[in-house]
Amino acid sequence: MAEAPDAERHGPSLRAYFYVYGALAVFTAVSFLANIGVRHHVINNFTSFTIILAVAVCKALLVAVFFMHLLLDWKRVYILIIPALVLGPMLVIVLLPDIVMAWHYATATMVP
Amino acid sequence: MAHAVVEERPLHMGLPISHGKLAMWLFLVTEIMFFTGLIGTYIVLRNGSKYWATPEQVHLIEWIGALNTFVLICSSLTVVLAHSAIARGDVKTTALYIAITLALGGVFLVIKAVEYKSKFEHKVLPGQIRYDRYDAEVSRSTNPDGIQYRRNVRNLLAEMLEGKEGHAAVTGPVKEKCQRIYDEIKSQESKPAGSAKAAEEQVKKISEEVQHLVHEHPELHLPYIIPYGNMWASCYFVMTGFHALHVLGGLVVFVIILIKAGIGSLEVQHSSFIELTGLYWHFVDIVWIFLFPLLYLV
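Each protein sequence line maps, in turn, to chains A and B.
So that you can map any letter, position 87 of the first sequence is 87 in my numbering, and since no number is skipped, the others follow by simple counting.
So that you can map any letter, position 277 of the second sequence is 277 in my numbering, and since no number is skipped, the others follow by simple counting.
In short, the hints are calculated from the structure, not lab data.
Positions of the beta carbon are idealized from the N, C-alpha and C atoms, including for glycine.
Computed beta-carbon distance windows for the label pairs:
#, chain 1, residue 1, chain 2, residue 2, range
1, B, 214, A, 61, 40 to 48 Å
2, A, 41, B, 67, 24 to 32 Å
3, B, 208, A, 46, 20 to 28 Å
4, B, 87, A, 36, 36 to 44 Å
For reference, chain B alone in the conformation it holds in the complex (with noise of 0.2 Å):
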């Protein structure tokens, strides 16, 4: 009598992939639960706070943010077509598609360069925003912050409107523009608010007033409130700045495989190195699609 053969699978522990992809995949999980916690943070703060600073007022572009997020798909586009044509034995395809990863990799440091620069040249830096609340209530605070600045820009418009020295000249509409919210402030300090929230009420519109002026005429020289500022200075160069040492990361091992590609070591069983690179490619390029919406859009 004929006995069926079983055969049994060999038993094998663990995960069924390779060493390699299961380290990158455990590194990749710890560096969810690290860009989790920066997120986190941001949601909750921005969320816990009473106002937040608008991309206008921290000189966040928009369309800046979007075409680094653009960068960045590209260069996700290239790292797979590199993976598919190493895979196939094809090393100077691959050389070619991970140089122009490096390259795109490289915009969109420059273009995160050009936005710090930015907000160094208008001291949107952690601690360095002198006016971040529109605190207004007398009663709780010998000198809240809102009381300060309506004080400092009363006295700036009156230098301004005098033709002190120091000051950009102020003539016509301009004038007329700066009269106006020397008038707005001292109507307001001759009939203080009746309750805190009018208090803040009555600041904010001087300082949208103000910022509206600024950002017609940058040459005058007065400041606005950046509501919570500093926290939000604070939270953008975290969150960027790391983003933004994975991203160097990352070219730096595209150097090391073009290194390999020029001296002729790069060869098809590279196939799973350059897979791994690009899986850690893709999740900073996702945690970009994360950072860009909420920091520029939301």
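Only chain A is shown next, with the shape it has when bound in the complex (with noise of 0.2 Å):
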């Protein structure tokens, strides 16, 4: 295969990696924030489960797409990452019955 140059592109500017810096900085202190809520009774716990995991991929999403440049490079990557991103999840999915789903059906049926 003959080496592909990439083409030339300039990327985010610096302004736009730094204001990426403060939303990640941000969103750290969110989901830390959350934790404290719901150990003092302010949220409940799924609330803090969502929050948290939604400042998760937010924040990842935002490395991805900026400082990772997926921006630019979606278009000729994805090929390479949707099936990693389908696989991964696949791989907990299939273990969900058998060992997380049973367990929890068994207790709620289970004679005292």
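Starting from two chains that each stand alone, build the complex the way the hints lay out.
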């Protein structure tokens, strides 16, 4: 395969990098505060879990899109990334019925 | 008659990216699968277990994890700034940003080492946690973990209350608290619980009271149950250990870049090399973005 040089491109501006950095720092503080909130019973476990998970996904997306330049490279590499992103969660999902759901079902139906 | 000239675009095999970037993305895809396997196993084990260790029980401090997250975020910024600088041909600034990234990666590992030291001091290690189950159903086992635990705590408390040698002296309100837990254990032992679940709840209550007491008075060397603590420790050390090894690998590459800058061989054509190193480093950051909430928060 011949070397295919990257097209001339400039990537996100320095200002964009600093905005992303600020957003990442704020998101980290949000997840930390959500954890404190649930400990002091300000929010419930489910709300805290949802916030923390959403924040983690947002942070990962910001890093991937801006710092890893997927904003520009996505069309070139999506064919590599999508299978891994599909197979990864599937690995967890296929184990859930036997290991997680069966246990909860057994507990719920257990005679005391 | 004039004919329109249609220029055919040359055929190009494969993905329209450089070999280096293709190789790095292929590597990162294998890394996604690797860490998904570890994180997925943790999620399945945790949700498939009846109980799970809390951060306090395993001596995890949330703000230290958050600090490490912030350190990695800062290092991600300095890597992109280094790439931006080398693209402009500014080698000096590139070296400066890479040196800052190296230092931040070092800070991350030092903080991680401090955390590991705490785990070793408290023996929160795979296979080293003596009591990691609340199991107390006598009919199923002659000597379940929870029953053994309760008996052990009762004996230790009795020795403390009697003022035997080898134990911290307990007086005043501390003695009252010890006496209360001791009485609770004696009461539980005199009236066995009617069901397995009730028996577990009894042991759990004693363990939580002991944990609260030890938290207030660390000089009292009383054990408490860390539910599924051995499994937690295995998951923790495997996930954070492999992540730390990846951080270490990144630091080695940063040192190589700095040596190149030091001997004057770092030039603008190394822009691609720094970009690929940055890709790897950002991936390491993304892995930590998921490890931090999973281990410290959720």
